Amino acid sequence: MKITRLVILSGMLTMLSFAVQGQDKPAGKNAMVYFVWPQNGATIKGGFWCRFGLRNMGVTHAGDDYPNSGHHHLLIDVKEPLNSSEPIPSDKSHLHFGAGQTEARIELPPGKHTLQLVLGDAKHYPFNPPIVSEKITINVK
Amino acid sequence: MPRRLAAIVAGDIAGYSRLMEIDEDGTHGRVKRIVRDLIEPSIVEHDGKLVKTTGDGFLAIFDSPVEAVRCGIVIQQNMVGRNASLPKNHWIEYRIGVNLGDIIIEADDIYGDGVNIATRLEGIAEPGEVYISGGIYEQIKHKLVCGYESLGDRKVKNITDPVRVYRVLPDAAAYNGARKRRETALIFLLSLTLMIIGGGALWYLLSQFSTRGTDRASGAASSQATKASPQPQTALSGAPATQQAASNVQPLAAAPTVPQVSSTPSPITSGAAAIHEPEMTPLLGGTFAMGSNEDISEKPVHHVTIKPFAISKYPITVREWNECAGAKVCTFVATGKDDAPITNVSWSDAKQFVAWLAGATQKSYRLPSEAEWEYAARGDTQTKYWWGDQLKHGMANCKDCTDAAGAEQPVKVGSFDPNPFGLYDMGGGVDQWVEDCWHKTYQGAPSDGSPWSAGDCNSHVIRSGSWRNDATYVRPANRDNYDTNVRYPTHGFRIALSR
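Same order as they appear, the protein sequences are chains A and B.
Each residue of the first sequence is one higher than the one before, counting from 134 in my numbering.
Each residue of the second sequence is one higher than the one before, counting from 3 in my numbering.
Don't take every hint at face value.
Stated by the list, open to error - List of simulated lysine-lysine pairs, DSSO-like, C-alpha gap at most 27 Å: (1) B:Lys301 <-> A:Lys225; (2) A:Lys178 <-> A:Lys274; (3) B:Lys394 <-> A:Lys225.
Said to hold, decoys possible - Covered by chain A, per the in silico footprint, the following chain B stretches (three or more residues, Cβ under 8 Å): (4) 82–95; (5) 490–497.
Hints were generated in silico from the structure; no laboratory data involved.
Computed from a predicted structure; not experimentally measured.
Don't be surprised by glycine CBs; every beta carbon is placed ideally from N, CA and C.
Chain B extracted, bound-state conformation (with noise of 0.2 Å):
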């Protein structure tokens, strides 16, 4: 039976069978979403092994200490933000127990008082914090910069000798100071929308009584202009002149007009059947070289066989993407130009676009991958450029790149020309995500175009450069990587169809 010393990390959520009751689907699928973003990750990240996941929480071994303790703040510290966009009663928190111990190992568990002591601290622990014994403790108080309260010596069940244990404080001022902060906004915050809401309904009554003044002042001319209001295209051409003479006069009563008018549903929901699709530009394939010797991340040059595909001619457009959102699909309505390109999207939103498409059309839209994006932004070239080996002006929005720097960024895609493909924006205005899991070389890269899923899919490639960044992300071969679910303000992307 072999035996071994190793820290042991017990996690469990607070208040589970809670949770369960106020939504069973809900939780459960939140809960599974935490252990394999969240708890998988942090455990590999500190060189730990996840031992099992029960329902409602998991059990760890580490070789040291120091880790162990550190991933329990990780998580800990994570689980905040998670919980911070949720009403309370939905918030999981984790109760987290750290001991030091000696186990008995076997293929699927681990046994031995070390365990059940790990799992009494995790039992008294408070929900979000970590208790650890004396033994972790001795083991990390000079090498782990944070706090340490003792909670004495305290009596576990089916222990013989107490346990020392200490509550781990990774930030004990800004605990405190944040709950206290949380409150006090929260009621700024009320009485900020009381106070709204109170000015608005002020602000209403007297437009409302201004209106009528008006009304018996103009007669027929204003109360046209209200009746037009609904549908200004076929009201306007009767009394222009007269509507803009009332709101000149009376520019309050005007006002309860405008969320009138945007209250109603956007033309392209209210249309339904007809989706706008994008323009898609077909390619034929073929083999080439992929890479460059210019970044690590871009070696080694490899040969990719294309099979043939579409392209989308532009990336996404706010319009596009729009169409999605009022499909209640997209999480978020863009307030961008029609034809400016979708920014502010993560690698999951464009995900979530794509399968939109893709289901409503019947059609197989779906992320470029990797090797398809080089492909199709070379367009048969190997230079370092698509229009050769030196940086020639105005040919792509990047920092430095054009004389667009004073013009609101990003411009709308089409501004530039484009590469022998016909594909425009294939290369500085936004930074544009593909399927591929992020890989920092391409060592083991797949051969034959398709998109390189394993490896570390807490962050995906992104592809193009953006108007923020210098004349080296133009280049095709060029590529990064972000965090798979975060937002930034520079990040869109193009679609693709299998042919």
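With the rest of the complex left out, here is chain A (with noise of 0.2 Å):
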């Protein structure tokens, strides 16, 4: 009886560790996240497969609590900054990719365009600091 005490509050006090480090992952030591594909400044006709850099950190499954790693967000034509406190927004343009994937096959109305690159923890959180790629412009004809 006293052990199963002493193991349940144990259990909690672990679980209760555990929900305080939910949030702000720290970022891998000079983790950079970047565009292999298009490059700042391209012009591309119709749809292209993007694709995503990341160094000194590894890809992994959203949910998948890994250690210095984490999922691929792409944010199109997002012009508010990015809240650390939430976890990224899911719409049109923030495209999601938690089950791991490194490209994606982007399709664009004919035009001006800014991408960026974001790379959340397992519940879809930024990392601390952000792991935030360079903004780029691409044309699409």
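Got two chains here, separate frames each, mind docking them using the hints?
And the structure:
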């Protein structure tokens, strides 16, 4: 009885300590997210494969709480600044790649568009400090 | 005999027979899932062709060496994530070899030196790594941003000339760094657990000691309180004041009783028999115009005929979800308020719930099809929103359409007006999974209201928009998609029942 109580107690405490570290995951040292393709200023005809590069961290499935890893988010024409205290939004301009994808087929209407990559942790929160790519501009014909 | 030049990718699982020995059914199932969910789609995505799969391996050909290696890296990176939650001896790790060679193609297999070299490379690769031949390296060295470590010329079995071998480092620094960090993290967690157990023991001993102290001091009152703790309702009437007094005097003494109360199983499981079925609203069905011209994904507008069916009046709630979790079918217990919608569920989670409910009630509960969802959301209207063409403040739970901005989200189900069919939260609140696989447009969609299952089933359709989306997402025609197996904090679902 005493032992059961003890185990439950310590179990609860352990869970508590996990709950606290739910977000604000530390970014990997020298971690860098970047576009393999397209390059800033590129002119593109029609749809294209957007390829995501990540250095010094690993790509994993969303939900997998694995140290030094995350999953990609592609921000298209997003002007609002990133809010680090909320999960990265999910809508038509914030595309999620929680299955661990490192590239995606993107189709955009003709005109100038901005693209930016943000790495998210297991719960879709940005890391601390946020791991964000350069915001590139492409021209779709 | 058709011959051609191709990049050949050979992969196999390291230690397959060992894995089969540990858990034959489990390993077989996991490997099948990996082939279906990861290997096959990755090959297709990189314009390759799967030649064959064997029990523990696969063989694929690609036109482009760059795509072939990229496919190998994608598979290896994804496997890291898939293994992460498992103990090391259950890891499924692929060894992958890539070679460029002239091959003979037959209906269901490929032959030639080039194929043999690819499998030899795979044989010498370390688990989790991609080894490539000199021929591939020459083709990709300036095109693919990653590191290559030369392993020199290797003599491989039954091949006369030595083969130059390179090891691909998708991310050299990350690889070693991650491994070291993983070890330190494990040690840290271990010591943390030990410290907590130690601390808990100390605390417990201390509190035991002081309980005995108060026992002696306040006599009957506190012993009554401790006896009462397993059934608080019946005992509280007896001595609420004394119990409170006792815990005020000695808060530590009260603490150990808390886990005891919560450790008794929830009333749902101990009650076992009665399942609280979600409230269902029957709909007559009929023909309606599905889609709109507002977004490319909603085109073309097309007529769909819906058979009579019933749909849940509200999104599935935390309370309803937790009955499934209590039955040990749904994999997690939700923590929100009982009448808040369940959130952070993947499509697969939602499917698990309906399968459980259908089994437990012997009724054909299921997810609605996308067409059924839109029919139900429109409630016989053809306007932009179900209440008209103009956005009206306070009609739905979305960003910028209520004053509930400061409220704790998600607010409880049914907090806003129902639509003409008497359904709540059809638009705004939580995103809702439907049965259909994702299709970018309605080109080729079924017109009989059935779910559209062929297509990209790595992602499924979500409807309704959430409290974090703006007003365009509240429209009944709006549609979006999300990865099938990924949870996101605004995603919930509602259920349907065939009539």
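Which of the stated hints cannot be reconciled with the structure, identified by number in ascending sequence? none
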